[in-house]
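Enquirer: Single-letter residue listing:
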Amino acid sequence: MAIRDVKPTRSELIELKKKTKLAESGHKLLKMKRDGLILEFFELLNKAKNVRSELDDAYGVASEKIGFAKSVEGDVAIRSIAFALKDVPQIKLESKNIMGVVVPKIESSQVRKSLCERGYGILGTSSCLDEAVEAYETFVEKIIVAAEIETAIKKLLDDIEQTKRRVNALEFKVIPELSEAERFIELRLEEMERENTFRLKRIKA
Amino acid sequence: MMSWKRKQGSKSYAYLCARVRAMKSKLLQKESYPRLMNMELAEIARFIEDSEYKDEVDELARRYDGANLIEHALNQNLALTYRKLLNISAGESHHLLSEYLKRWDIWNIKTILRGKRYGASDSEILEAVVSAGRFGYHDLIELVRKDVPEIIEKLKRDYPLDGYSEDRMDYFENALDRFYYESLVELEAVRKPKTKSNRLFSEMVKTEIDVRNLKTLFRSAKAGLEREQIVDMLIPGGLKLNMVALIKLAGLPFDEFTASIKDYPYWDSISGTVTDENGSLTGVEIGLDKYCLEHASRSSHYYPLSIVPIMDYVVSKKNEVDNIRMIVRGREAGLSDDLIRSKLVL
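Sequence order for the protein chains is L and Y. Residues 1 to 205 (this note's numbering) make up the first sequence, in order. Residues 1001 to 1346 (this note's numbering) make up the second sequence, in order.
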């Protein structure tokens, strides 16, 4: 807001005071939101670190188990048995609100199955296959948890950045400009007051 | 007439056993495995190429490489070896062998049905079949080209596939495996063995059934399945574990189950590998496989002109293929030498 565009009137001053008050309360609220989001972010970051390391571990175990199953049963057998698994895990996508930020909430079903629900017969297979399947079920579960947390982190980061920009804009641009305009009007009004007083004195004299 | 038949059978065994003895002498010796353990994949492929697997490695080298080449060569050689045995056998030996090797037909049927359910292409399914049973590769190609109702129509007379539904795949897979073992038990040579050699063959089959049932019980106990679910998967006709004993063992908690099988002769071969219900069962399964192999190998010397040495060869050949594959795939997966060595059945 350029100073020259400001009309030095009392109503404009009242309007500006209202705007400044609103901007200050908005600034305070946004600062609180930013701090809250940062706290939430660090909490999620710790979780994400744990989930990531669990995911890495689960991947290591799953790779070892499938490698072992391939050694015992053969790649051809594993390929054949893999044909039996047609059902893909079901994922239910919902959303939850963290301080105004909408983040996904992923619920999975049919990831972990019992021995009888996996689609392959027990008599013609061996336990190393069960162990590989279990390891991959754990791995898929970890992927889903990691996807939820990491997406939430990305969304929070975006929102923290946006809120930070708003706070800075209010703190360093909007509020100072409003204050300056307010000061300008006050000075101008005082000046006009003095001019009036002087004019009246001259008329009297 | 009877004496002619016996003579004919004995002649047939003399020829077949001589061929089998020659074939068995070409199997890898125990001393070869430590050497294989120290080789890289390319060296193993070269080693295999210098042995009985040369033709298969040469033929498949255009389509596969690395561990895949070795595994496909091993499978193809196994299939051709078993097919050769079926071709050179006659009479009783042929009948018993073909019934025993029907497990590969069951394997192939399961693979084809799984592949069809999954929507795999014909070539993908054909990559996963092993024509080591009565179905030759061309029979399997013909089968794979059909759709599921046609396959069921063709097979349902000989296999329990009536009412087949893709939603109950596991049930039909178990039914096919049960059917295989029940058919074996129904063979006269197994049910009422008249000769001492057939008695040994019968023992071998029944021991395998016991081992299969024990593996099922171990896995079920670990997974915490209910007795009703387990009973349907148990195979009658075992040597030491009859159905009454099996039903008693089914559904027991893992600790009680392991305590209950300590009186059976199989325990000695697995006692060192049984841990708690969270532990791996692969050691147990390998221990039980070793028991079967040792049983077949021990019996093979008693009656040199009978089905027993032939079955010993069948089991030993499969074991050789499994051992080489274990080393090759173990190397590829980066498994430790100790782990690979512990899983070899020597």
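There may be inaccurate statements among the hints.
Claimed, not checked - Okay, derived cross-link-like pairs now, EDC-like style, lysine to aspartate or glutamate, Cα gap no bigger than 20 angstroms in a straight line:
hint: 1; chain 1: L; residue 1: LYS155; chain 2: L; residue 2: GLU117
hint: 2; chain 1: L; residue 1: LYS19; chain 2: L; residue 2: GLU180
hint: 3; chain 1: Y; residue 1: LYS1156; chain 2: Y; residue 2: GLU1203
hint: 4; chain 1: Y; residue 1: LYS1215; chain 2: Y; residue 2: GLU1166
hint: 5; chain 1: Y; residue 1: LYS1116; chain 2: L; residue 2: GLU94
hint: 6; chain 1: Y; residue 1: LYS1290; chain 2: Y; residue 2: GLU1226
hint: 7; chain 1: L; residue 1: LYS113; chain 2: Y; residue 2: GLU1256
hint: 8; chain 1: L; residue 1: LYS113; chain 2: Y; residue 2: GLU1226
hint: 9; chain 1: L; residue 1: LYS113; chain 2: Y; residue 2: GLU1166
hint: 10; chain 1: Y; residue 1: LYS1215; chain 2: L; residue 2: GLU117
hint: 11; chain 1: Y; residue 1: LYS1215; chain 2: L; residue 2: GLU94
Note that these hints are calculated values from the structure, not bench results. These figures come from a predicted structure and were not determined experimentally.
Enquirer: Which constraints among the numbered hints does this structure fail? Numbers only, ascending.
Expert: 1, 3, 4, 5, 6, 7, 11
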